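Q: Each chain, letter by letter, is given below.
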Amino acid sequence: MNETLVDRNNITLRDRLKNMVASFGLPRLIIAGFLLLLFIAAPFVGADFWTQISNTVNRFSWNAIMVLAMVPMIHSGCGLNFGLPLGIISGLLGATLSIEFGFTGPLSFVMAILIATPFALVLGAAYGWLLNKIKGGEMMIATYVGFSSVSFMCMMWLLLPYHSPTMVWGFAGKGLRTTISLEGFYDKVLANFLQINIGNLSIPTGTLLFFALLAWLMWAFLHTKTGTAMTAVGSNPTFARAAGVNVDRMRLLSVVMSTWLAAIGILVYEQGFGFIQLYMAPFYMALPAVSAILIGGASVNKASIANVIIGTFLFQGIVTMTPTVMNSAIHMDMSEVIRVVASQGMILYALTRKTEGTK
Amino acid sequence: MLSDNTPLLEMRSIKKDFFGNQVLTDINLTLAEGEVLGLCGENGAGKSTLMKILFGMDVIRETGGYEGEILLNGKPVRFATPFDALAAGIGMVHQEFSLIPGFTATENILLNREPKKRNVISEVFGERLDTLDYNEMTGRAEAAIDKMGFKIDKGMRINEMPVGHKQFTEIARELSKDNLKLLILDEPTAVLTEKEADALLSSIRSMSEKGIAVIFITHRLHEILSVCDKVVVMRDGYVVSDVPAAETSVSEISKWMVGRSVENTGSIDIRDTSKSKTMMSIRNLWVDMPGETVRNVTLDIKEGEILGIGGLAGQGKLGIPNGIMGLYEAGGAVELDGKPIPLNSPRKCLDASLAFVSEDRRGVGLLLDETLEWNVAFPAMQVQNKFLKRYLGGLVKWRDEKAIREVTDRYIDELAIKCTGSKQKARELSGGNQQKICLAKAFALEPKFLFVSEPTRGIDIGAKELVLQALKKFNRESGVTVVMISSELEELRQICDRIAIVSGGRIAGIRPASDPSEEFGLLMVSMVK
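Residue numbers (the working numbering), protein chains in the order written: chain A, 1 to 359; chain B, 1 to 529.
Certain hints may be false.
Using 30 Å as the maximum straight-line C-alpha spacing, the simulated DSSO-like pairs for lysine-lysine come out as follows [unchecked claim]:
no.	chain 1	residue 1	chain 2	residue 2
1	A	Lys225	B	Lys402
2	B	Lys277	B	Lys397
3	B	Lys386	A	Lys225
4	B	Lys397	A	Lys302
5	A	Lys302	B	Lys425
6	B	Lys52	B	Lys166
7	B	Lys166	B	Lys181
8	B	Lys154	B	Lys195
9	B	Lys423	A	Lys302
10	B	Lys448	A	Lys225
11	A	Lys135	B	Lys397
12	B	Lys116	B	Lys302
13	A	Lys174	A	Lys188
14	A	Lys225	B	Lys425
15	B	Lys75	B	Lys116
16	A	Lys135	B	Lys210
17	B	Lys277	A	Lys225
18	B	Lys448	B	Lys418
19	A	Lys225	B	Lys195
20	B	Lys210	B	Lys195
21	B	Lys397	A	Lys225
22	B	Lys423	B	Lys472
23	B	Lys277	A	Lys302
24	A	Lys225	B	Lys154
25	B	Lys154	B	Lys166
26	B	Lys448	B	Lys339
27	A	Lys133	B	Lys348
28	A	Lys225	B	Lys116
29	B	Lys348	B	Lys386
30	B	Lys402	B	Lys473
31	B	Lys448	B	Lys277
32	B	Lys473	B	Lys348
33	B	Lys210	A	Lys302
34	B	Lys275	B	Lys386
35	A	Lys302	B	Lys402
36	A	Lys302	B	Lys154
37	A	Lys135	B	Lys348
38	B	Lys418	A	Lys225
The hints are simulated quantities; they were obtained by calculation from the structure and are not laboratory data. For clarity, every value in this text was computed on a predicted model and none was experimentally measured.
With the sequences and hints as input, model every part of the structure.
A: As structure tokens, then:
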């Protein structure tokens, strides 16, 4: 009996090791290696190492929540949320309305979240209802939901009766500007909280803590009865239905959660970046988040918090490091090219492997 | 019609196994020119596999080929692909139609064998661009339809045809091949109306007169008797009898179909439950499950018994549990312990302490990509809030990993599930062990009433025995009423108290499991639609 037990443990250990290597994946290995190379090369081309680390950590803190927003929909089998712009728009509505209503300082951030929430819930529910109608083609439809909502809001930003002088065009006195400075509102409200500054190294502790809180909530949710049901729906919807789970409701919930996280994500991004970007800006926000979680090792229907953290760090690391290091090294602007190749290539890679995880 | 010289087809000691599972053993068959052979047997007897071998289907080669030899006109042949079989003059009409819906009957009949005319473009670019010769095509299609002896509209598009005509189009396509010597019909009458079926039988006769040999597979035994020259009955991969049709009867054939070579006397400890109270009563149940339509089932299930539901494939036995459990649309009235069960709602059934082990293990029964723990505990967790820890006054229901591991380990021990541990993925287990996980999942619900559908499908004999014993033990020790649906009559007779046979979407009869197999065999074919 003891012998068999030992045997069993050995097998598990070996299998685990094998699984770990296999699940780490070639693309993730290559990107991690590339990033490491960039860090090593940085001092040699005259870039300060600690500044680079700070930049990477900062960008990580801005983007991580939008990557976290991918998790619920992946779990419920709705695939990657290419419709992220919809949530981002809810966040932008919250941000602009909070300023319009005259809130300033940290309070404006809290109000932005509070105002964005009902928009995210309603838009998310409608979006989820739509995705329940077209099971199997979620990602395609999601892409167009994102795109068309951005275009629609391009008109609305001009037409909605905003009056706050900090936001509208100076001459016309109406219509929102493309970029709105957050100075005096919630610029760096989270980042400055308990910020650590040692020489050139600066860590935005508050933002990281805020992300950690949301990530912990997500992790906890996935350990509850409802979270378990959501994962099962993504793993095998027929099984979940036969076990008495309302599949459509779980999917709807996941879409709402994802949309709300995207709204919060953009607010956090803005407080770090210092500006609200309107009009076409949300258009391009889904792809970096999608590729980040994929680089982190998630598949189309399996994702963990670790995938989010690793992926965001790797992706944002590449994005921050390539301009400085590559440009000084080869005196050519390669950063954009590499970023595009890495992000789109990663999505392409993951989508071609779509069938593997599914039954 | 029977000729004494070399037979058209001779199959000698054909053997075939799928991954060590012997499905055909020592099959010998001969067929003369113009002879009609009726092939029958229960599902899984090996009929289809035998025909696939004869027709050179890819699946045979992919699974390691076969042993034995096939002689066509005295010459040994071994078809690598269906094209070789076609070239040698063998035609096959499958159960599933392979027709192009938007094309007319004529176009389908002559697809890829169309007579062609050369034109200017094809002179330059080659024969792929030849024009079709529609006049000639119409003529040939007409000839094929005449040969068949049943009139169908050759200009009608397939998607506008009634289902029977599609079947005839397929047959006409085979007949339009000039070199056709042997035609295999795999359950062609299953989709036909009575009148069409009669027409088909007479067209088989006329084919036979023209010298075409026919292998006719059907569950309708009277058809076999009326049209065939000889009958071959298969069971468990053996040919159990090969007799002239004139010398046998429906009851004899059905006895051969279900009987065992080793006489099995059925269940040893049959429980008489006739005096027990009725646990579930089903009234006028219909279920719209594709391929397993239930038309009108009325059935009473007694408390504490194991009721078997048997019958041939496609007769509706699988529809009964799937319909009651709300997985397919259903109507009628079902009462459990006097309380009505709402149909079309899986959750309500589970709440009423019903549980179901699906026949579709991989599709419905398991979370293949999750751990065994999840598979075992999930339904109980969702339905009965078991294996949960409550925080904040029940607001947060947290997964209790420890309780889940304990229950999984318990069932792994009890059912002797072979795995590396409770954290292994369900996908990695063998079929038999996956089935045990499905049972564990149902047991963990601690139901009052359990449906088990095809629990032994696709698992080896040893695992079969364990699964059946586990079920019996569960019933006898916890007093849970069990309804087991299975295509294998012997298996039902082994563990059930009573067996209901479904035929044509209705209950054909209920007998104690100790009744002889022939009785059940007759019931199985009694109302076949």
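Q: Each of the hints needs a verdict: does it hold here or not?
A: Structure-based check of all given hints:
1. A:Lys225 <-> B:Lys402: 15 Å, holds
2. B:Lys277 <-> B:Lys397: Violated: lysine 277 (chain B) and lysine 397 (chain B) sit about 38 Å apart, past 30 Å.
3. B:Lys386 <-> A:Lys225: The given pair, whose Cα atoms are some 10 Å apart, holds under the 30 Å limit.
4. B:Lys397 <-> A:Lys302: 22 Å, holds
5. A:Lys302 <-> B:Lys425: Judged against 30 Å, a Cα distance of about 14 Å means the pair holds.
6. B:Lys52 <-> B:Lys166: Since the Cα atoms of lysine 52 (chain B) and lysine 166 (chain B) sit roughly 22 Å apart, the hinted pair holds (cutoff 30 Å).
7. B:Lys166 <-> B:Lys181: Given pair lysine 166 (chain B), lysine 181 (chain B) holds - Cα atoms ~22 Å apart, limit 30 Å.
8. B:Lys154 <-> B:Lys195: 20 Å, holds
9. B:Lys423 <-> A:Lys302: 17 Å, holds
10. B:Lys448 <-> A:Lys225: 24 Å, holds
11. A:Lys135 <-> B:Lys397: 29 Å, holds
12. B:Lys116 <-> B:Lys302: Between lysine 116 (chain B) and lysine 302 (chain B) the Cα gap is close to 68 Å, so the pair fails against 30 Å, i.e. violated.
13. A:Lys174 <-> A:Lys188: Holds. Lysine 174 (chain A) to lysine 188 (chain A) sits at ~27 Å (cutoff 30 Å).
14. A:Lys225 <-> B:Lys425: 20 Å, holds
15. B:Lys75 <-> B:Lys116: Measuring from Cα to Cα gives roughly 33 Å; hence the hint is violated.
16. A:Lys135 <-> B:Lys210: 53 Å, violated
17. B:Lys277 <-> A:Lys225: 37 Å, violated
18. B:Lys448 <-> B:Lys418: Holds, at about 28 Å.
19. A:Lys225 <-> B:Lys195: With a Cα-Cα distance of about 57 Å, the restraint between lysine 225 (chain A) and lysine 195 (chain B) is violated, given a limit of 30 Å.
20. B:Lys210 <-> B:Lys195: 23 Å, holds
21. B:Lys397 <-> A:Lys225: It holds: about 6 Å lies between the C-alpha atoms, which stays within 30 Å.
22. B:Lys423 <-> B:Lys472: The given pair, whose Cα atoms are some 28 Å apart, holds under the 30 Å limit.
23. B:Lys277 <-> A:Lys302: Given pair lysine 277 (chain B), lysine 302 (chain A) is violated - Cα atoms ~48 Å apart, limit 30 Å.
24. A:Lys225 <-> B:Lys154: 60 Å, violated
25. B:Lys154 <-> B:Lys166: Within the cut-off at roughly 11 Å; holds.
26. B:Lys448 <-> B:Lys339: 13 Å, holds
27. A:Lys133 <-> B:Lys348: 24 Å, holds
28. A:Lys225 <-> B:Lys116: 66 Å, violated
29. B:Lys348 <-> B:Lys386: Roughly 17 Å separates the two Cα atoms, so the pair holds.
30. B:Lys402 <-> B:Lys473: 27 Å, holds
31. B:Lys448 <-> B:Lys277: 14 Å, holds
32. B:Lys473 <-> B:Lys348: 27 Å, holds
33. B:Lys210 <-> A:Lys302: 62 Å, violated
34. B:Lys275 <-> B:Lys386: Violated: lysine 275 (chain B) and lysine 386 (chain B) sit about 35 Å apart, past 30 Å.
35. A:Lys302 <-> B:Lys402: 23 Å, holds
36. A:Lys302 <-> B:Lys154: 52 Å, violated
37. A:Lys135 <-> B:Lys348: With Cα atoms ~25 Å apart, lysine 135 (chain A) and lysine 348 (chain B) stay inside 30 Å; holds.
38. B:Lys418 <-> A:Lys225: 28 Å, holds
In this structure, the hints that do not hold are numbers 2, 12, 15, 16, 17, 19, 23, 24, 28, 33, 34 and 36, in rising order.
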